[in-house]
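We have chain A already, so just place chain B on it with the hints.
So you can see what is in the structure, the chains are spelled out below.
There are 2 protein chains.
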Amino acid sequence: MTSLYQHGTLAMLMGKQMQGTITAAELLKHGDTGIGTLTGLNGEVIILEGQVYQAQSDGQVNHITDLETLLPFASVHFYKPTQALPFDAVDFTTLSDKLQAAQLRNIFSSVNFHADFSRMHVRIAPKQVPPFPSLLEVATNQPEFEMANVTGTVMGYYAPEIFNGPTAAGWHLHFLSDDKTFAGHILDFSASHVTGTLQIFDEFVQHLPVQDAGFRAMALDLEGLHSGITASEGGKK
Amino acid sequence: MTSLYQHGTLAMLMGKQMQGTITAAELLKHGDTGIGTLTGLNGEVIILEGQVYQAQSDGQVNHITDLETLLPFASVHFYKPTQALPFDAVDFTTLSDKLQAAQLRNIFSSVNFHADFSRMHVRIAPKQVPPFPSLLEVATNQPEFEMANVTGTVMGYYAPEIFNGPTAAGWHLHFLSDDKTFAGHILDFSASHVTGTLQIFDEFVQHLPVQDAGFRAMALDLEGLHSGITASEGGKK
Numbered sequence: 277m278t279s280l281y282q283h284g285t286l287a288m289l290m291g292k293q294m295q296g297t298i299t300a301a302e303l304l305k306h307g308d309t310g311i312g313t314l315t316g317l318n319g320e321v322i323i324l325e326g327q328v329y330q331a332q333s334d335g336q337v338n339h340i341t342d343l344e345t346l347l348p349f350a351s352v353h354f355y356k357p358t359q360a361l362p363f364d365a366v367d368f369t370t371l372s373d374k375l376q377a378a379q380l381r382n383i384f385s386s387v388n389f390h391a392d393f394s395r396m397h398v399r400i401a402p403k404q405v406p407p408f409p410s411l412l413e414v415a416t417n418q419p420e421f422e423m424a425n426v427t428g429t430v431m432g433y434y435a436p437e438i439f440n441g442p443t444a445a446g447w448h449l450h451f452l453s454d455d456k457t458f459a460g461h462i463l464d465f466s467a468s469h470v471t472g473t474l475q476i477f478d479e480f481v482q483h484l485p486v487q488d489a490g491f492r493a494m495a496l497d498l499e500g501l502h503s504g505i506t507a508s509e510g511g512k513k
Numbered sequence: 277m278t279s280l281y282q283h284g285t286l287a288m289l290m291g292k293q294m295q296g297t298i299t300a301a302e303l304l305k306h307g308d309t310g311i312g313t314l315t316g317l318n319g320e321v322i323i324l325e326g327q328v329y330q331a332q333s334d335g336q337v338n339h340i341t342d343l344e345t346l347l348p349f350a351s352v353h354f355y356k357p358t359q360a361l362p363f364d365a366v367d368f369t370t371l372s373d374k375l376q377a378a379q380l381r382n383i384f385s386s387v388n389f390h391a392d393f394s395r396m397h398v399r400i401a402p403k404q405v406p407p408f409p410s411l412l413e414v415a416t417n418q419p420e421f422e423m424a425n426v427t428g429t430v431m432g433y434y435a436p437e438i439f440n441g442p443t444a445a446g447w448h449l450h451f452l453s454d455d456k457t458f459a460g461h462i463l464d465f466s467a468s469h470v471t472g473t474l475q476i477f478d479e480f481v482q483h484l485p486v487q488d489a490g491f492r493a494m495a496l497d498l499e500g501l502h503s504g505i506t507a508s509e510g511g512k513k
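Protein sequence lines, in the order shown, are assigned to chains A and B.
Every number in our numbering is 276 more than the matching position in the first sequence, counting from 1.
Every number in our numbering is 276 more than the matching position in the second sequence, counting from 1.
Pulled out of the complex, with its shape left as it was, chain A reads as follows (with noise of 0.2 Å):
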């Protein structure tokens, strides 16, 4: 089986530590695909065949070249599927459904696809600059986007209720077109022509940040915590 590695957790986001703690090149030790966010949350970032991109807030996307890039949160994985996905056609809404069989609800997973998207929903966060906000306070001013008819490829975790807090429970999918000028956080979508993979880990790997001052520091408010990352994350069960 294989381990899904993750680099800080979203309610150190939501305690307002946005510094990097990690570098692209330490976190591609851990794997060749995954999604993230840079320094200050700056942007969305997707990690496909060890190459790392990042959609800047305006829209842009950006090949990530320089290694020493800090993430202050992101989860990789060493693409090894399980299996490929049973259906030629999904959306946001009906991920879960499709994939019933495979009984995702208490384990760790990732779907990693690509299709014709009649529709792709996405927002990109906003670069902040110390002294950082809540992730909840980014959340509230997102820039958005919306692009018809893109063919691209989504890839994103499934994470058990359990683990809201280190991470965002439900999926959580960010996406990058094949001509990579469009990107982001998916808010929703609608595919066709899918092809792609499910891939189960028996291991999820939470690393921390734990020679950082400002989060050893961190003072958490838990009665918000969990609204919070709905609210900013809205990720689907």
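Hints listed in this document are in silico derivations from the structure and should not be mistaken for laboratory results.
There could be a bad hint or two in this list.
Just so you know, same-sequence chains aren't split out, so a pair can sit in one copy or run between any two.
[Claimed, not checked] DSS-like, lysine-lysine: derived pairs with alpha carbons at most 30 Å apart:
#1 Lys292 <-> Lys374
#2 Lys403 <-> Lys292
#3 Lys356 <-> Lys305
#4 Lys305 <-> Lys292
#5 Lys374 <-> Lys305
#6 Lys403 <-> Lys305
#7 Lys403 <-> Lys456
Quick caveat, the model's predicted, so the values are computed rather than measured.
Just chain B now, kept in the frame of chain A:
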């Protein structure tokens, strides 16, 4: 830095999944020190220097030498201490205070110390048979034992609040007396002549029994989960 490896989750025990899903032999590949329980929540396990001990609910302590013995839930690590404990006397209530300079709130750590205990108060989970009840039901009726003036070892973990569910937030400590006749899950203690160590982890590796049908199909009552964990584990913060 070092890893804390956990097989299974506390949430699974709340969800009536108490079937053993990892052998002691496999577990020991991931650590020589740790805590856990056996199939059916059968007692309290403590692992010291690669040796596995089980306190069973009549108070007897067994040295588990059959490494095919199964566990549904256990946490282990390789003993590589970060620092010596900076105090000579401690009780359950003051443990976090005495370690305040180490800023443990947001990270995983373990303590492992030998001491003279003027008081050691433990509980030992009684063995359940299928169909398994919830951990919470078991917790309402658990044998407790108390001993005055006993010498032995405390071993356990601190987990951050956001990991309540996967594990028990706060301190989760087990005890084994030097003469190996008294052990259990610690409810309270008062110690002097403390000699021991603190170990900080930068990785929490959550291993899940993804091949287990019961676990895959489990439906969790998330509303009751957190209060249930507090009621049954009662970890000190």
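**Study point:** Homo-oligomer pair classification [Lys374, Lys292; C-alpha up to 30 Å]
**Key:** between (36 Å within a copy, 27 Å between copies)
Practice item. Could you figure out if Lys403 and Lys456 sit no more than 30 Å apart (CA to CA) within one copy, between two copies, both or neither? Key: Within one copy only: 20 Å inside a chain, 57 Å across chains, cut-off 30 Å.
Exercise for review: Since the copies are identical, ignore which copy is meant and state whether Lys356 and Lys305 lie within 30 Å (CA to CA) inside a copy, between copies, both or neither.
Suggested key: both (15 Å within a copy, 24 Å between copies)
Practice item. Have a look at Lys403 and Lys305 and pick one of within, between, both or neither, based on CA distance no larger than 30 Å. Key: Result: close within a single copy only, 26 Å intra versus 43 Å inter.
Exercise for review: State whether the alpha carbon distance between Lys374 and Lys305 is at most 30 Å within one copy, between copies, both, or neither.
Suggested key: neither (32 Å within a copy, 37 Å between copies)
Practice item. Could you figure out if Lys305 and Lys292 sit no more than 30 Å apart (CA to CA) within one copy, between two copies, both or neither? Key: Classified as within: same-chain Cα gap 27 Å, cross-chain 37 Å, threshold 30 Å.
Check your understanding: From the Cα coordinates, with 30 Å as the cut-off, is the pair Lys403 and Lys292 best called within, between, both, or neither?
Key -> Only inside one copy: Lys403 and Lys292 sit 13 Å apart there, 44 Å across copies, limit 30 Å.
In summary, the one numbered hint that this structure violates is 5.
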